[in-house]
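Engineer: Protein sequence lines correspond, in order, to chains S and C. Quick note, the first sequence lines up with residues 37 to 209 if you use the working numbering. Quick note, the second sequence lines up with residues 6 to 445 if you use the working numbering.
No wet-lab data here; the hints were simulated from the structure. Any given hint might turn out to be false.
[Claimed, not checked] A few chain S positions that, by computed beta-carbon distances, are all more than 12 angstroms from chain C: (1) T116; (2) L155; (3) G171; (4) Q199.
[Claimed, not checked] Pairs of lysine to aspartate or glutamate residues, derived as EDC-like cross-links and limited to a Cα-Cα distance of at most 20 angstroms, are as follows: (5) K42/C x D400/C; (6) K187/C x E204/S; (7) K187/C x E117/S.
[Claimed, not checked] Some but not every residue of chain S turned toward chain C, in silico, with C-beta under 10 angstroms: (8) D108; (9) E113; (10) E140; (11) G141; (12) R146; (13) R164; (14) F182; (15) G183; (16) E185; (17) S192; (18) E194; (19) T206; (20) N209.
We put the CB at the ideal spot given by N, CA and C, even for glycine.
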Amino acid sequence: MPQHKLVILGLLAVLMAGCGSKDTIPDPDPSETVPGGDIGDMDDYGNDGLSSGEEIIYEPDASEMGNVVYFDYDSSELRTEDTDIVASHARQLSMNSSLSVRLEGHGDERGSREYNIGLGERRAQTVRRLLLIQGASASQVSTVSFGEERPAVEGSNEAAYSQNRRVEITYTN
Amino acid sequence: MMRLNVRLRLFTILLVSILMSDFAVAELDIVITDGIKRRPIAIVPFGWEGQGAEVPLDVAKIISDDLSRSGRFAPIPVEDMLQKPTDGTGVDFDDWAILGVEAVVVGKVEQTGENAYNVQFQLFDVFGRDQLVGYRMPASRGTMRRVSHRTADMIYEELTGIKGVFDTKVAYVTARSQADGKLFSLTVADQDGENENVIMESRNPIMSPAWSPDSRRLAYVSFENNRSSIFVQTLRTGNRIQVSSKAGINGAPAFSPDGRQLVLTLGGVDGNPDIHVMDISSRQTRRLTTHRAIDTEGSWSPDGKYIYFTSDRSGGPQIYRVAASGGTPERITFEGSYNARPRMSPDGTRLAMVHLFQGNYRIAVMDMIDEKRRDLLVLSAGQQDESPSFAPNSDTLIYATRATKNGVLETVTADGLIRQTLAPGSGDIREPVWSPFQRF
Numbered sequence: 037m038p039q040h041k042l043v044i045l046g047l048l049a050v051l052m053a054g055c056g057s058k059d060t061i062p063d064p065d066p067s068e069t070v071p072g073g074d075i076g077d078m079d080d081y082g083n084d085g086l087s088s089g090e091e092i093i094y095e096p097d098a099s100e101m102g103n104v105v106y107f108d109y110d111s112s113e114l115r116t117e118d119t120d121i122v123a124s125h126a127r128q129l130s131m132n133s134s135l136s137v138r139l140e141g142h143g144d145e146r147g148s149r150e151y152n153i154g155l156g157e158r159r160a161q162t163v164r165r166l167l168l169i170q171g172a173s174a175s176q177v178s179t180v181s182f183g184e185e186r187p188a189v190e191g192s193n194e195a196a197y198s199q200n201r202r203v204e205i206t207y208t209n
Numbered sequence: 006m007m008r009l010n011v012r013l014r015l016f017t018i019l020l021v022s023i024l025m026s027d028f029a030v031a032e033l034d035i036v037i038t039d040g041i042k043r044r045p046i047a048i049v050p051f052g053w054e055g056q057g058a059e060v061p062l063d064v065a066k067i068i069s070d071d072l073s074r075s076g077r078f079a080p081i082p083v084e085d086m087l088q089k090p091t092d093g094t095g096v097d098f099d100d101w102a103i104l105g106v107e108a109v110v111v112g113k114v115e116q117t118g119e120n121a122y123n124v125q126f127q128l129f130d131v132f133g134r135d136q137l138v139g140y141r142m143p144a145s146r147g148t149m150r151r152v153s154h155r156t157a158d159m160i161y162e163e164l165t166g167i168k169g170v171f172d173t174k175v176a177y178v179t180a181r182s183q184a185d186g187k188l189f190s191l192t193v194a195d196q197d198g199e200n201e202n203v204i205m206e207s208r209n210p211i212m213s214p215a216w217s218p219d220s221r222r223l224a225y226v227s228f229e230n231n232r233s234s235i236f237v238q239t240l241r242t243g244n245r246i247q248v249s250s251k252a253g254i255n256g257a258p259a260f261s262p263d264g265r266q267l268v269l270t271l272g273g274v275d276g277n278p279d280i281h282v283m284d285i286s287s288r289q290t291r292r293l294t295t296h297r298a299i300d301t302e303g304s305w306s307p308d309g310k311y312i313y314f315t316s317d318r319s320g321g322p323q324i325y326r327v328a329a330s331g332g333t334p335e336r337i338t339f340e341g342s343y344n345a346r347p348r349m350s351p352d353g354t355r356l357a358m359v360h361l362f363q364g365n366y367r368i369a370v371m372d373m374i375d376e377k378r379r380d381l382l383v384l385s386a387g388q389q390d391e392s393p394s395f396a397p398n399s400d401t402l403i404y405a406t407r408a409t410k411n412g413v414l415e416t417v418t419a420d421g422l423i424r425q426t427l428a429p430g431s432g433d434i435r436e437p438v439w440s441p442f443q444r445f
């Protein structure tokens, strides 16, 4: 269910800086943002009821954003398009300390099984770090790597592999 | 002029080595089952001296199947035999020489009690006209299959000089798709696939089985409760103990040669997989690596001095070793971009691994004796071959490969000449591990 929420710009700036994407996030340029400060031309909104630096923005629920992020071959870098998914879960966790998540890291079937456990863990840790940077607490986040043992899609082709290199965010509480 | 000469020679050497390596690969690709000339041998049906018409077990057939499966022998059909003696006094060497067989095995099963038998065999060299080996062994209905495999082992060793591994077991993991998800099982079977015994079943993944040196226990990883734990299970009783269930990764167990310690991979909360050694009785662990890269898949050298492991500290996975007492890890592999899951042969002469070769994951071995011959020899021919495990005689390896969508098991001799696919069972089979020699 879509929700509109008031969000402090400073948090937005931290989120974007934390996601550390290089060049695909449109204006405002995250490299120029100052946590807690204005971003670009936000002054233009000039709503009377809001103090400078606050804005009403569309903030989908974590449940609407999905709970799976995907990774490139041999990579544990979060893709730019998935930063919002992680951010939405971080927000949910930071606002509700009784929630906790298990991050399940997975890989494709190629290569050695225990080494793939390591790769899956590395991906889960990427997501864990981003959750913690964005306000989740360490006690809310656990990781487990299933390596190649639990593919989302069966098959020995890139279409299957790309669906299997993933981290699933599962609420355990 | 001098320089030109050197260059020319270098070029020639390069060309020859390229040609040779291509040739070697092409040859391996052709080899399916008949890598070498199989030696003709006769296994005469065993005689039966006991109550009832039926012998409890067709001992000769088991021996014949074992020798045939080794890829080194071609037992002749029973119907071609001109005589079927059951002991040495009836063997006419000329009758066997005509058929071109090199060796003849004769024997019989005698009943000595309600569930007591003697299995007797003799092996003859047809051209030397002499007995090579002969034994009489007690057996029950329960042990007769093992006595038969043991007989095949003695015949094999006598004729090849290589210890037989027919009386050994293999453990492996199977995943079966069911309506409500996957069912994982850990199975122990005789090396010929008989006597399958499921020792553990779970809806969650089971991984990385490892034999204890006395072949009485298996260590493995189980994801029951959605987290990884390492268990050690005693085969005879089924009793199992959870030896590691720390936060993060608990993986890749392997027993030390004395059976008292496990090398394992622990990841911790921060998820940095490192090699640890655990004293099994006290559960005390000692950390051997501290690098922030993935360090995993540890296994011991047979002398217990080193632990070989996979690390991607150089960027991609390569094989390293560290002294079991601790120290600075030393890189072992430099050929190719992906080398993982090291396993040393029990005689310490070869190191097997998963090696990315021309876009395919293959099983390869490295010579550990001759420093000048550290080139990898690629043994397998699949696209996703993994989990190499040496037979206790160091002569053959078993590994998992992929046939269409399911995993199947293959064996290959360490020289790459004889490769065999084991008859696929049901389900997706993976992670075979060959047992040590069994105590009788």
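Engineer: Confirm or reject each hint.
Structural biologist: These are the hints, each one checked on the structure:
no. : hint            : verdict
1   : T116            : holds (23 angstroms)
2   : L155            : violated (7 angstroms)
3   : G171            : holds (18 angstroms)
4   : Q199            : holds (16 angstroms)
5   : K42/C x D400/C  : holds (17 angstroms)
6   : K187/C x E204/S : holds (18 angstroms)
7   : K187/C x E117/S : violated (32 angstroms)
8   : D108            : violated (15 angstroms)
9   : E113            : violated (15 angstroms)
10  : E140            : holds (8 angstroms)
11  : G141            : holds (8 angstroms)
12  : R146            : holds (6 angstroms)
13  : R164            : holds (7 angstroms)
14  : F182            : holds (6 angstroms)
15  : G183            : holds (8 angstroms)
16  : E185            : holds (4 angstroms)
17  : S192            : holds (7 angstroms)
18  : E194            : violated (13 angstroms)
19  : T206            : holds (9 angstroms)
20  : N209            : violated (13 angstroms)
When each numbered hint is compared with the structure, violations occur for hints 2, 7, 8, 9, 18, 20.
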